[in-house]
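Chains as they are written, first to last, in numbering that gives the first Met the number 0: chain H, 0 to 152; chain U, 0 to 152; chain C, 0 to 404; chain Z, 0 to 404.
Honestly, the hints are just simulated from the structure, not real lab data.
Keep in mind it's a predicted model, so treat the numbers as computed, not measured.
Don't be surprised by glycine CBs; every beta carbon is placed ideally from N, CA and C.
Mixed in with the good hints there might be a few duds.
To be verified - Computed cross-link-like contacts, EDC-like style, restricted to lysine to aspartate or glutamate with a CA-CA straight-line distance of at most 20 Å: (1) K31(U) <-> E143(U); (2) K91(U) <-> E108(U); (3) K1(C) <-> D304(C); (4) K258(C) <-> E142(Z); (5) K112(H) <-> E4(H); (6) K6(C) <-> E47(Z); (7) K112(H) <-> E82(H); (8) K399(C) <-> E4(H); (9) K6(C) <-> D20(C); (10) K112(U) <-> D12(U); (11) K258(C) <-> E145(Z); (12) K15(Z) <-> E47(C); (13) K46(Z) <-> D42(C); (14) K400(Z) <-> E8(U).
Unchecked claim - Partial chain U-side listing against chain Z, Cβ under 7 Å, derived: (15) L2; (16) C37; (17) C63.
As the list claims (entries may be wrong) - Away from chain Z, derived, C-beta distances all over 10 Å, residues of chain U: (18) R18; (19) G21; (20) K22; (21) D24; (22) D39; (23) K40; (24) E49; (25) K51; (26) D75; (27) K105; (28) L142.
Each chain, letter by letter, is given below.
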Amino acid sequence: MNLKELYQEIILDHGKNPRNLGKFDNFNKDAKGHNPLCGDKVHLFLKLDENKKVNDISFEGEGCAISMASASIMTDLMKGKSEKDAKEIIEKFLDMIKEKDDIDTKLLEEDEKTKLMSLGGVKNYPMRVKCATLSWHALSSALEDFQKEVTTE
Amino acid sequence: MNLKELYQEIILDHGKNPRNLGKFDNFNKDAKGHNPLCGDKVHLFLKLDENKKVNDISFEGEGCAISMASASIMTDLMKGKSEKDAKEIIEKFLDMIKEKDDIDTKLLEEDEKTKLMSLGGVKNYPMRVKCATLSWHALSSALEDFQKEVTTE
Amino acid sequence: MKIENIKKEFPIFNNKVQNNDLVYLDSANSSQKPLVVVDRIYDFYTKEFSNVGRSVHYLAVAATNLYENTRSAVQKYINAKHKNEIVFTKGATEAINLVANTFGQKYLKEGDEILLTELEHHSNYVPWHYLRKNKGIKINFAEIDEHGDISLEDIEKQITNRTKIIAITHLSNVTGAILPIKEITELAHSKGIPVLVDGCQSAPHMKMNMQDLDCDFYAISCHKMYGPTGLGVLYAKKKWLDDLPPYQGGGGMINEVKKDDISFGELPNKFEAGTMATAQVIAFNESINFLNKIGVENLVKHENDLLNYGEELLRKNNSVKLIGNPRKKGAVLSFTIDGIHPHDIATILDEDGVAIRAGHHCCQILHDKLGLTASARASLGVYNSKDDLDKLNESINNCKKIFNK
Amino acid sequence: MKIENIKKEFPIFNNKVQNNDLVYLDSANSSQKPLVVVDRIYDFYTKEFSNVGRSVHYLAVAATNLYENTRSAVQKYINAKHKNEIVFTKGATEAINLVANTFGQKYLKEGDEILLTELEHHSNYVPWHYLRKNKGIKINFAEIDEHGDISLEDIEKQITNRTKIIAITHLSNVTGAILPIKEITELAHSKGIPVLVDGCQSAPHMKMNMQDLDCDFYAISCHKMYGPTGLGVLYAKKKWLDDLPPYQGGGGMINEVKKDDISFGELPNKFEAGTMATAQVIAFNESINFLNKIGVENLVKHENDLLNYGEELLRKNNSVKLIGNPRKKGAVLSFTIDGIHPHDIATILDEDGVAIRAGHHCCQILHDKLGLTASARASLGVYNSKDDLDKLNESINNCKKIFNK
Ligand SMILES: Cc1ncc(COP(=O)(O)O)c(C=O)c1O
Ligand SMILES: Cc1ncc(COP(=O)(O)O)c(C=O)c1O
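When you get a sec, could you build the whole thing from the sequences and use the hints?
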């Protein structure tokens, strides 16, 4: 049954106890994401160091288990990644969520991939894809220094 | 067949050669009628004498055979009628066009009634009822001294 | 027509949805359609189709008559005084936009005030917001009480001597609160203020009586009333329709057109520009027929029983919190579950075939006020049964299990 | 799909109308519907119905996908660059009102000029008239030549340095004139003027290519294009949809709603307020499918053959006068008969089962210019045959007989 795939233990866990929740002080990039349809919101904070590496990352937000878990897992594994690598991971993650069976990148460990793959269950729930991708789009726009709030519909 | 009833000789005749067409000089009442759907127009001129009798009546207008014939026949038989009688005839004519089988009034001769009854064929053509009644509504409003143009739709 | 058998009139329930029987609890969003309505559309298109009011040929005349018959049926159903007080629109949203736009054009200027409530659907707020932006008018909101309800007094408090129109919902699509429209209208009229009522949620569930309510405008959404999509009704008192300028311009609504000026047609044509939703209007007559056959009293009783049954079930289900406890309530059960986001609830319920809605239901202001970003909503239609509510409750329990609650 | 057999796809022709076979020559008013379209509506309502885009349950997701599929199908059919350039409206009339209203709000001020033509349908005049009345802008009309046609030069003559937008028909619903839109757009753009095209009559009969025409706005009426009533399409270049303010306000088109401000959603939602005509949009996909199966080239050829055949028949029929003899002509045969009023013609033809339209066809300015109060119009659809035109001609002869002509 699909629900089991969607609400795996790891998602319920991250959804209930999201890591990296809350704003930290010395961020130098941030971006907001909003899904007007369901009201899900995320505000992403990011500190890139002089080498363009993710020194710290966190988020504030409200939303369903999927969107909270996604933001939580994402922020966890972005720490220490270079801007370039972060962008590649975002791309590969979005590919996976939309169509691919796998996350096709060497930048992640197998267990990191497994964590991300646990979000792949949304594939069967088109309306929920936006929940899983909201924070990723926000991160992408923070890295691009977009001023505009990201909205997904 | 119904068409024969609708386009009787008398209607074709009055339609082609309408009596009382054109404006006369010393009218003291007038009113316009307009059917926005088909563009039919009539402008009615009326001279009531001091006894409120129809001294003269004519019309200008453009329209289908039915509306021209109706204006022609109407103006013909209104001559010499008192205002009160004219109003009754209008009422009875409209009753006949809408639902009645007959024109229920003593104010008209049998042959006048026959002429009017020839317009009764429109009963079977709901969209054409307005053609037959346009000039009658205009006369009614001229008698009432309405300022507003009559429109039928 | 027995209300217990009414589900049979709705063909959608003959189909499985993802291998489940459909438990449709999303009627506040849009109702399902009885077969008679769908059949009418089919027959009209396949046997009788023509455009309305423009040609003199047989099919056109017949279609025009059918179209106007629906106007009469609606007039009767909502007890409007004149047939010409019924204007067909593309939806309730358009109906409200029509009033906001034309009333705004003619009567509102900078500094004037409009009174809404915190319960309003975006469709009864955004159109007024345009006037705020373009004309500098002010919008006030009557505030909900702790029951998610609005009383006559809550309205009275917010009326000022600059209030030019009051626009309020009849039945809240979130808390289910039924507002005392008749009393509000009386109060407003005593101060010379017209009242627009958003009747989207009330029209399918309550007895309609325009002459008794005495409101100036009433907006109805046909697709929530067992009718086709793409159709709404604006009821407006004749004096307003005579008085207000036309809204959209196009064919069918004019009197005479010259290069330098245009004069407009009679009511209600003046407000029905362009080719209308002919088939939908004609089919809506069958929706009204269907409601008449059930009898609105039976419908109200049936839905009230369901509502009470559902409320009790959910109250007893711990960790479920009902939203709103108004004096009078209709057709809507909104709720949250501690620690489970409404979207997760909706997804899990859906897997059991239980269709509800999650989100802010186009009532963001109300959700802000309630301190929620979203809620779950089960809403009732005439085809629902206690069985459906039992299934809702079971599925909520399933949901709690998945989330270890 | 063989074009000779296409009539079979339209169930209406299986029925007698007043004991006659139906000869339907009123397609410019509204086209008949192929069975696939009617079936799609039926199936959607009876098996799949849900509102679009608002709930997360299965039926809602499915309906949303179907709805968006039609947007893609339309995009492809008219060769628009982006899917989001397709906005669904309640009709072409609303599409034009939307542009006039929002473009007018943002870009027009007193003394500015709008350029129309004498061929325009009321739906492409009245909305601009509102701006004349409310904003003091001026409306100029490009004048028809002796053929009832408008050339690039006729347009050029009327452009001034205050012209802010040009709004023109692609195919006249009276003279059948096909205007050189691409050239007009090129000229207009060279002067920085955007162009709105009223494509009501062209879309069902010509190959559509927005990127080639390069116009800024294009209005389509779905019910004239073998689709359901109550639906239209506004094509607008993305830059305009991004740039212009929203039109109607309501649910589904907002981003965030606060008590003191509102932000609007992305394209095309920004312009689709309230519950849309879900079933109609979904069914319109079948109309596009149907047209694609025929192949627009085959359709154009078929209708051209018919038009030529009909023109020749009527030319040879003395006392019949054709209206308009434009360089390029499509789908419409308007005419008068000496001494017989168009309404009498239409009534008599109707009795023979021949459905045409009589009146000014919502083109009063054109009729004034032609010195007519009304005309008769036979218009073509894909289901017509030479046989239908023969019957038209016979019935015209019958008409002449009754009037002793
Ligand atoms: C040329 C033209 N423009 C505009 C319209 C208006 O289209 P609709 O009535 O579908 O809104 C029509 C049809 O009535 C038309 O023929
Ligand atoms: C209370 C209320 N008002 C207005 C609307 C808007 O109606 P529609 O979307 O049919 O235009 C709705 C439904 O969405 C509603 O529930």
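Outcome of the hint check:
{"no.": "1", "hint": "K31(U) <-> E143(U)", "verdict": "13 Å, holds"}
{"no.": "2", "hint": "K91(U) <-> E108(U)", "verdict": "14 Å, holds"}
{"no.": "3", "hint": "K1(C) <-> D304(C)", "verdict": "15 Å, holds"}
{"no.": "4", "hint": "K258(C) <-> E142(Z)", "verdict": "12 Å, holds"}
{"no.": "5", "hint": "K112(H) <-> E4(H)", "verdict": "16 Å, holds"}
{"no.": "6", "hint": "K6(C) <-> E47(Z)", "verdict": "16 Å, holds"}
{"no.": "7", "hint": "K112(H) <-> E82(H)", "verdict": "19 Å, holds"}
{"no.": "8", "hint": "K399(C) <-> E4(H)", "verdict": "16 Å, holds"}
{"no.": "9", "hint": "K6(C) <-> D20(C)", "verdict": "12 Å, holds"}
{"no.": "10", "hint": "K112(U) <-> D12(U)", "verdict": "17 Å, holds"}
{"no.": "11", "hint": "K258(C) <-> E145(Z)", "verdict": "19 Å, holds"}
{"no.": "12", "hint": "K15(Z) <-> E47(C)", "verdict": "10 Å, holds"}
{"no.": "13", "hint": "K46(Z) <-> D42(C)", "verdict": "18 Å, holds"}
{"no.": "14", "hint": "K400(Z) <-> E8(U)", "verdict": "12 Å, holds"}
{"no.": "15", "hint": "L2", "verdict": "5 Å, holds"}
{"no.": "16", "hint": "C37", "verdict": "5 Å, holds"}
{"no.": "17", "hint": "C63", "verdict": "4 Å, holds"}
{"no.": "18", "hint": "R18", "verdict": "18 Å, holds"}
{"no.": "19", "hint": "G21", "verdict": "18 Å, holds"}
{"no.": "20", "hint": "K22", "verdict": "18 Å, holds"}
{"no.": "21", "hint": "D24", "verdict": "26 Å, holds"}
{"no.": "22", "hint": "D39", "verdict": "7 Å, violated"}
{"no.": "23", "hint": "K40", "verdict": "7 Å, violated"}
{"no.": "24", "hint": "E49", "verdict": "37 Å, holds"}
{"no.": "25", "hint": "K51", "verdict": "34 Å, holds"}
{"no.": "26", "hint": "D75", "verdict": "20 Å, holds"}
{"no.": "27", "hint": "K105", "verdict": "33 Å, holds"}
{"no.": "28", "hint": "L142", "verdict": "26 Å, holds"}
In the structure shown, a violation is registered for the earlier hints numbered 22 and 23, in ascending order.
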